[in-house]
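Protein chains: 2
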Amino acid sequence: MDRELQAEELELLATGAWILGAGGGGSPYLSYLNARNLYAEGTRVRILDPAALQDDDLVAVVSNMGAPLVGQERLADAQFAAKPVRMMEEYLGRKFSAVMSVEIGGGNALQPVLVAAVTGLPVVDADAMGRAFPEAQMTSFAIAGLPMFPLTLADIRDNEVIVSRAASWKWMERISRKVCTEVGSIAATCKAPRTGKEVRDHGILYTVTKAIGLGRLVHEARRVHDDPVRALVAAESGKVLFKGKILDSERRTTEGFLRGRARIEGLAENRGSRFELAFQNEFVVGWLDGAVAITVPDIICVLDTVSGEAVGTESLRYGQRVSVVALPAPPILLTPKGLEHVGPRAFGYDLDYTSVFERAA
Amino acid sequence: MDRELQAEELELLATGAWILGAGGGGSPYLSYLNARNLYAEGTRVRILDPAALQDDDLVAVVSNMGAPLVGQERLADAQFAAKPVRMMEEYLGRKFSAVMSVEIGGGNALQPVLVAAVTGLPVVDADAMGRAFPEAQMTSFAIAGLPMFPLTLADIRDNEVIVSRAASWKWMERISRKVCTEVGSIAATCKAPRTGKEVRDHGILYTVTKAIGLGRLVHEARRVHDDPVRALVAAESGKVLFKGKILDSERRTTEGFLRGRARIEGLAENRGSRFELAFQNEFVVGWLDGAVAITVPDIICVLDTVSGEAVGTESLRYGQRVSVVALPAPPILLTPKGLEHVGPRAFGYDLDYTSVFERAA
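In the order they appear, the protein sequences are chains A and B.
Just so we're aligned: the first sequence equals residues 1 to 361 in the working numbering.
Just so we're aligned: the second sequence equals residues 1 to 361 in the working numbering.
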């Protein structure tokens, strides 16, 4: 029920996770380099089928929290990623059986791999978003109403914080975000521990495998000179919404997030049109010629039109040739309770969610 | 080596602590009412001579942290004050032998009394400032270089935070202040636990007795129609710096503090002069006709000229007849290391400290 994560899969995981990041989750590149280095030194990490978790196994849910732009400048390593996990074990007086990411999107897909590399724990083939989202209450665990504490947080100095109780998921987000912001808008965290049963019942399962699969698809298309964007959309029942050139982007790192907008000028079949995107770490809403074209929780990806490589909200820049692609979100996010947590209103947009996939039908 | 705090001493403690608050520490009035109520129900609190502490006794150092103005609006109680103490015991897996205040000035003089009332712990006759100060690194324990963690913090909802490590006293202040601000600029805290030896060696001793004594002095002067301000200054080797009427005050509750300025127009022998005060919770600098007249760590008190009652920075208002009084600070605060932590530069004023008492000599 567990298998070794192969060295060549690290890059595939990074590529696939970056696509599922919907612009956020932070670039996986630096974490991938860290993981590759650990593999070069002989470390191996195991991937665990969530079905193999015992009911009372304790699973560490990790993430590198903060503003993606800062994550590109303040480099982390595996020991740092593992620090809050060790804090949590000490705080609980219990050992973890496995580790998983809070979000499969972006660099956080690699975070449990780094933790696993230094702790020997297996990585559960699951996450709690099926993509990336900016806030703590935007997980399948929060949607399921599971407890949100304790949380442990460490920075690169010697600051360590335990949020031992929180009045709600939103309060957990508010408090941990303020601490994260104060220590420089990036921190390693271990979220509320989950039992094996909670992961099996309320996690979003097999997303590590899915991300590796997406990465393989894109790399394979590149190898055979096929169109990676088309290959991805075909395999994942996605949709290409727009093709064009980035006209401009504005970004501000504020309140522990990377917020901003990007405008894309149409090329080819979209010539004469404009696409605009708003983001809070991840892409939240897209407008085609001023009309809402897509919203969260649909997975809004901006991909390099030629290579199919994802473009993060922190690396958008003038002149990039990109395709805006929609991928379907995990079904739990589309339920009424799910939309309360991750629909457009949860991001401050007074819009109803309508799936881009239903619209097309 | 310990004695019962008498019911009539509660009011004296409140009056004396408010004077030592130097405008800050928060009004003791509401905590005094809480304590009086607990006494009316039959609760009694013991005051412990610090000399009676065993070397390895564990002492809880408590405070109600935040902006004084908020403390007047969000009422606390004894169970709330005791919450972070219980959190700390649980976190450490050890029981406390006694409780003390981080600062004898203002409402925090009553905080350990409230904790004692519900836990049965004795209150150590000591604090760590000998007055009130706004920030965590402004204590005799910080000046002595003692460890600054762990800290526990609770708000009135159900949020609980443990700062389990901090890179420095300043980092402890920054992180705990942000959390305090986020939960509404008021929180009950239990600072880094101290051993009995640490309290004996580095605490500021017998300040509960001192505050009660000041209160008794003022109340007695009022009773016999003597001048309470003159009585206080005579007994404490203090100085009256200015007498006048408050012209205006500006206040802003910002970053978890109450900051602002007040201007006083001279009366009687000060007619024609102006006195200006700047504060960050507590009075920090005073100017007489534009020239620096006094700075921290000298204890700058604004007292009602008739009653001798202290006026807090949150209750300054137009028309009050007040006397600006200087009381000597504890000697540890006047050492070079002490001034680094609590001199005018520690508050952002590019001024050297010169004691108002040395100036007069």
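Quick caveat, the hints were computed from the structure, so don't treat them as lab data.
Note that this is a predicted model, so its numbers are computed, not measured.
Just so you know, not all the hints are guaranteed correct.
As the list claims (entries may be wrong) - Examples of chain B residues toward chain A, derived with CB under 10 Å:
hint	residue
1	A167
2	W171
3	I175
4	V224
5	D227
Backbone N, C-alpha and C define an ideal beta-carbon position, used for all residues, glycine too.
Hint check results:
About 4 Å separates the beta-carbon of B/A167 from the nearest beta-carbon of chain A, less than 10 Å, and the hint is met. Taken as an interface hint, B/W171 checks out: its beta carbon lies about 5 Å from the nearest beta carbon of chain A, inside 10 Å. At a threshold of 10 Å, the smallest CB-CB gap from B/I175 to chain A is about 6 Å, leaving the interface hint in force. Checking B/V224 against chain A by beta carbon gives a least distance of about 52 Å; that is not within 10 Å, so the hint is violated.
Taking 10 Å as the C-beta cut-off, the interface hint given for B/D227 is violated, the closest approach to chain A being about 48 Å.
Hints 4, 5, counting from the list given before, are not met by this structure.
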